[in-house]
Structure formats: C-alpha cells, structure tokens
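With the sequences and hints as input, model every part of the structure.
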Amino acid sequence: MFEAEADGLQELGKAGAIRVPEPVCHGTAATKAWLVTEYICFAAPAAGSNARLGRELAALHRCQAERFGWSRDNTIGSTTQLNTPSDSWVDFFRDQRLGFQLSLTAKRGFSASLQDKGERLQADLGHFFSAYRPQPSLLHGDLWGGNRGFDQAGNPVLFDPAVYYGDREADIAMTELFGGFDAAFYAAYCEAWPLDAGYGVRKSLYNLYHILNHANLFGGGYARQAESMMDQLLAEY
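Residue numbers (my numbering): 7 to 243.
The set of hints was computed from the structure by calculation and includes no laboratory data. All values reported here derive from a predicted model rather than from experimental measurement. Treat the hints with care, since some could be wrong.
What the hints assert, rightly or not - In silico lysine to aspartate or glutamate, EDC-like type, Cα no more than 16 Å apart, as pairs:
| id | residue 1 | residue 2 |
| --- | --- | --- |
| 1 | 38 | 9 |
| 2 | 209 | 237 |
| 3 | 123 | 237 |
| 4 | 209 | 182 |
| 5 | 113 | 125 |
| 6 | 123 | 242 |
| 7 | 209 | 242 |
Encoded structure:
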C-alpha cells in the first residue's frame with residue numbers, strides 16, 4: 007500500500023505542476039507498514055492560493071500518457087484499485103472501476119437491485135461518452151478536501167494520492183463530492199482548461215465509484231446513496 011503511495015507521489019512530483027511531499031523511504035516491520043515523506047508545515051491559504059490550486063491542477067491534468075491506467079495497481083482508501091493499462095476509457099472505467107467495486111458489493115451481500123442497476127449501467131456506459139473522448143490525464147485519484155493543503159508560502163500541496171491516468175473530470179468530480187473547494191478554484195481551473203458541457207452528468211458517474219467504495223468500506227447508507235445515484239444516471243438514457 008505505502009509502496010504504491012510513494013510511487014504515486016513520485017509520479018505527481020515528476021510532473022512538476024503542483025507541490026507534493028517527497029517520499030523519503032517506506033517499508034514493513036512485523037505486521038506494520040510505514041511511509042516517511044518530506045515534512046511540510048501547512049498554513050491557511052493565502053489570497054489567491056485557491057485559484058492557484060485550480061491552475062496547477064489543470065497543468066497536472068495536461069500531463070498525459072498514451073493509455074488509461076498506470077504501471078501498477080494501488081489503493082483507494084484501503085481497497086485495491088486496479089490500473090491495468092487500456093486503450094479505451096469506457097472499458098477501463100466499466101471494468102476496473104465500477105465493475106470491480108460491484109464485485110465487492112456482491113461479495114458483501116448488498117441488495118440485488120443495487121447489482122442489477124449497476125450491471126445495467128455498465129452495459130450502456132458508452133452512452134455517456136458518445137460525444138466526448140477523454141484523454142489519459144495524470145490524476146491525483148482521491149482528490150477530496152482532506153488530501154490538499156497549503157504550505158506557509160501559500161503554495162498548494164497535494165498528498166495521499168491514488169494515482170492513475172484517466173479522464174480529468176474524475177478528479178474535478180471528487181472535489182465536488184465532499185466539498186471544501188471554493189469558487190475561485192473552479193473558476194481558475196475552467197479558465198485554464200474549460201470543462202466539457204456533459205461534465206454535469208458524468209460527475210455523478212465518476213463519484214459513484216467513490217460512493218461504492220465507501221459502501222464496501224463502511225456499509226449501509228452508502229449503498230443506498232449509490233443506488234440512488236444509479237437511478238439518476240439510468241434516467242439519462
């Protein structure tokens with residue numbers, strides 16, 4: 007787990023778009039694992055820091071690969087996240103994001119209706135990409151408010167990533183899932199790289215992945231939320 011996180015921090019750091027803590031070392035001892043990174047003293051954002059975060063995230067997303075996925079699997083929370091490279095974003099997201107999480111919900115015995123709706127959504131996933139062709143952008147992968155901060159000079163810092171190359175909308179969608187990012191952030195991001203008109207629908211698709219993961223990690227209420235999101239997405243057909 008921590009080896010993959012260290013590799014993710016290095017991948018983000020190589021892009022040079024936004025500050026991340028530099029990994030120092032990692033390892034295991036008996037039943038414990040550990041990761042040591044550069045220490046960064048956080049502070050309240052300075053004037054303009056949130057807008058800078060938006061611009062720098064857009065710059066990160068402009069770092070692209072030839073295929074979706076990554077060179078290794080990693081984790082999203084404590085759940086395995088598959089990253090087998092693929093030429094097709096629809097196939098990648100269907101099988102390695104939604105499909106994998108749905109296989110876990112089936113093992114955990116969640117409702118048959120959740121599985122049925124999930125399978126229907128997977129079958130027609132291409133509907134959401136009929137006029138949209140995302141490129142494989144370098145993603146943080148777990149971009150909620152608790153995984154970003156600001157150093158004492160006001161520079162944005164990202165940490166605790168679940169890195170892969172995918173649709174940049176997936177990162178933006180997660181910033182909206184739990185909140186914590188202000189209007190200046192979104193305005194600056196969209197000025198640097200405007201979002202496609204269909205983002206408003208696809209963000210629910212991307213956040214469904216995280217809600218399914220929360221259902222698998224924490225249980226009940228998230229499963230109901232996931233099923234409600236599926237209902238809304240299926241109504242788009």
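Hints versus structure:
Taken as a hint, the residue 38 and residue 9 pair is honoured in the structure, with Cα atoms around 13 Å apart against an allowance of 16 Å. Proximity of residue 209 to residue 237 is assessed by CA-CA distance (about 14 Å); at most 16 Å being required, the pair is judged to hold. At most 16 Å may separate the alpha-carbon atoms for a hinted pair to count; residue 123 and residue 237 meet this at roughly 8 Å. Under the criterion of a C-alpha separation no larger than 16 Å, the hint pairing residue 209 with residue 182 is consistent with the structure, at around 9 Å.
At most 16 Å may separate the alpha-carbon atoms for a hinted pair to count; residue 113 and residue 125 meet this at roughly 15 Å. For the proposed pair residue 123 and residue 242, the alpha carbon gap of about 13 Å is at most 16 Å, so the pair holds. Note on residue 209 and residue 242: the hinted pairing holds, with a Cα-Cα distance of about 13 Å set against a maximum of 16 Å.
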